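First to last, the protein sequences are chains Y and E. According to this note's numbering, the first sequence is numbered sequentially starting from 4. According to this note's numbering, the second sequence is numbered sequentially starting from 4.
Just to be clear, a hint being listed does not mean it is correct.
Identical chains share a label here; the pair holds if one copy fits it or two copies do between them.
[What the hints assert, rightly or not] Think about it this way: if two alpha-carbon atoms lie no more than 30 Å apart in a straight line, the pair counts; the simulated DSBU-like pairs of lysine-lysine are:
#1 LYS42 to LYS66
#2 LYS50 to LYS177
#3 LYS50 to LYS66
#4 LYS42 to LYS177
No wet-lab data here; the hints were simulated from the structure. Computed from a prediction, not measured in an experiment: that's the story for all the values here.
Number of protein chains: 2
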Amino acid sequence: MTDTAARRRGRRTRVESADTRDRILNVAREEFSERGYDKTSVRGIAKAAGVDSALVHHYFGTKEQVFEAAIEVAFAPALNAPEAVAEGPLDGVGERLTRFIFGIWENPTTRTPLLAILRSAVNNEAAAAVFRRLVASQLLRRVAAQLDQPDAELRAELAAAQLVGCAMLRYVIKVEPLASADVEQVIARVAPVVQGHLTGP
Amino acid sequence: MTDTAARRRGRRTRVESADTRDRILNVAREEFSERGYDKTSVRGIAKAAGVDSALVHHYFGTKEQVFEAAIEVAFAPALNAPEAVAEGPLDGVGERLTRFIFGIWENPTTRTPLLAILRSAVNNEAAAAVFRRLVASQLLRRVAAQLDQPDAELRAELAAAQLVGCAMLRYVIKVEPLASADVEQVIARVAPVVQGHLTGP
């Protein structure tokens with residue numbers, strides 16, 4: 004093999020690796036979404052992706068780590084957005100955050116993985132740990148960092164509690180009239196509460 | 004058989020029936036708590052109670068109806084209390100309701116069945132329907148009935164959303180610092196929000 008051919012081959016292998024990794028990740032996201040954390044296995048993911056289980060472990064590690072990677076990809080748009088949400092004038096942060104969260108839940112494409120992670124987190128301690136790390140460190144702490152308060156994290160979590168509870172009753176358990184209420188009407192009521200938690204007395 | 008003996012025997016049969024029904028109900032509550040709705044079967048409940056599946060169906064009907072009966076028993080104290088909670092001056096209802104809900108969650112005996120119903124409701128549509136019927140009609144509507152507002156039910160549900168979200172983040176997913184925060188500190192922050200939803204402008 005010439006030097007150039009070896010280099011070309013090396014490049015192709017790297018590209019193929021990235022493709023395989025992405026394929027595994029996509030399959031993992033689908034499996035976790037459809038079956039939940041408990042019923043999904045590394046073996047099942049490997050089989051659906053057409054690779055060996057060892058390769059899944061090689062790329063991601065344990066089942067918990069595969070789950071974390073899959074969620075991180077699914078939530079990239081959601082977890083990256085808060086920069087724009089938390090930025091800007093502090094007195095509008097409640098409405099921006101509320102609008103952002105309802106936006107994710109109102110959109111069926113982003114609602115499905117969110118439902119899956121919520122279901123998994125409620126049912127399984129390992130999945131709950133992933134939820135804690137991702138949501139707490141990536142979303143809540145970034146919101147809290149904008150607040151100039153000694154209890155900023157607790158404030159951010161109580162604001163999140165209002166939003167998580169709304170999502171539970173409106174989208175998961177579907178309690179009426181909340182489930183069918185106009186989303187703008189709900190945002191108008193919830194945003195000031197979120198604002199109050201974050202910046203109130 | 005004399006008339007008196009027959010009557011005595013009839014009484015004993017009724018007592019035995021009530022005992023069997025209670026035994027089935029207790030077993031059902033345990034099975035649903037431990038395994039969740041999906042993994043619990045009428046057959047498994049019957050086996051654990053030492054009776055035939057047909058008897059479980061005879062007393063309660065479908066699996067969904069067994070679940071509803073089991074939850075109703077587990078929640079009798081919780082579902083009966085709101086009368087005291089919703090009564091009294093309206094300007095203290097936020098604190099009474101908040102204190103009541105945190106009281107249930109802080110007590111391990113009442114927390115376990117609550118966790119089970121929440122897990123089941125998140126995972127299963129039939130269990131969610133039971134949750135809706137019980138919580139919405141028995142708890143929320145009774146709170147809403149005390150409010151003299153056209154949108155009383157939506158208000159009660161948004162208040163409940165704050166409480167459900169707090170329970171999710173504090174007791175189920177255990178996000179810090181909320182999970183370890185002093186319960187009185189949390190109540191002090193949440194009660195005014197619940198009050199605001201119920202009676203605010």
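Taking the hints in turn, this is what the structure says about them:
no. : hint            : result
1   : LYS42 to LYS66  : both (11 Å within a copy, 22 Å between copies)
2   : LYS50 to LYS177 : neither (35 Å within a copy, 34 Å between copies)
3   : LYS50 to LYS66  : within (14 Å within a copy, 34 Å between copies)
4   : LYS42 to LYS177 : both (24 Å within a copy, 22 Å between copies)
Hint 2 alone, counting from the list given before, is not met by this structure.
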